[in-house]
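S.K.: Model the full structure from these sequences, guided by the hints.
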Amino acid sequence: QFVGNFWWLIFVFGGTIGGAAKWIAAANERRAQRRLERYRINQETKVALAREAMAGQSRSDSNRREMLKVLQRHDATDARWLSY
37 QFVGNFWWLI FVFGGTIGGA AKWIAAANER RAQRRLERYR INQETKVALA REAMAGQSRS
97 DSNRREMLKV LQRHDATDAR WLSY
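Taken in order, the sequence shown gives residues 37 to 120; the numbers are from the numbering used here.
Be aware that one or more of the hints could be misleading.
What the hints assert, rightly or not - Label pairs and their calculated CB-CB ranges: (1) F38 x Q79: 52 to 58 Å; (2) R70 x S98: 37 to 43 Å; (3) R74 x E102: 40 to 46 Å.
If you are wondering where the hints come from, they were derived from the structure by calculation, not from laboratory data. C-beta atoms are modelled at their ideal positions from N, C-alpha and C, and glycine is treated no differently.
M.R.: Below, the structure written as structure tokens:
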């Protein structure tokens with residue numbers, strides 16, 4: 037009986053209900069965009085850390101080679117000085 041008497045209220049509250057549905061859809065879209073942005077940032081961080089680890093490893097190798105060269109020069113200098 038209530039629906040029969042007040043069926044016309046659908047026109048009054050229809051815009052409000054539609055606006056609320058649109059607002060919820062927009063909020064869900066923003067939430068999805070934020071989630072994708074966090075995922076992208078997380079992946080970029082992982083890639084940057086992996087690159088840094090690889091660069092650190094190559095720097096470590098080059099430091100080791102440089103240290104060997106310095107020690108060889110030092111040993112050669114010691115050998116010359118001690119041969120006198």
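S.K.: Against each hint, give a clear statement of whether it holds in the structure.
M.R.: Structure-based check of each hint:
no.	hint	result
1	F38 x Q79: 52 to 58 Å	54 Å, holds
2	R70 x S98: 37 to 43 Å	42 Å, holds
3	R74 x E102: 40 to 46 Å	41 Å, holds
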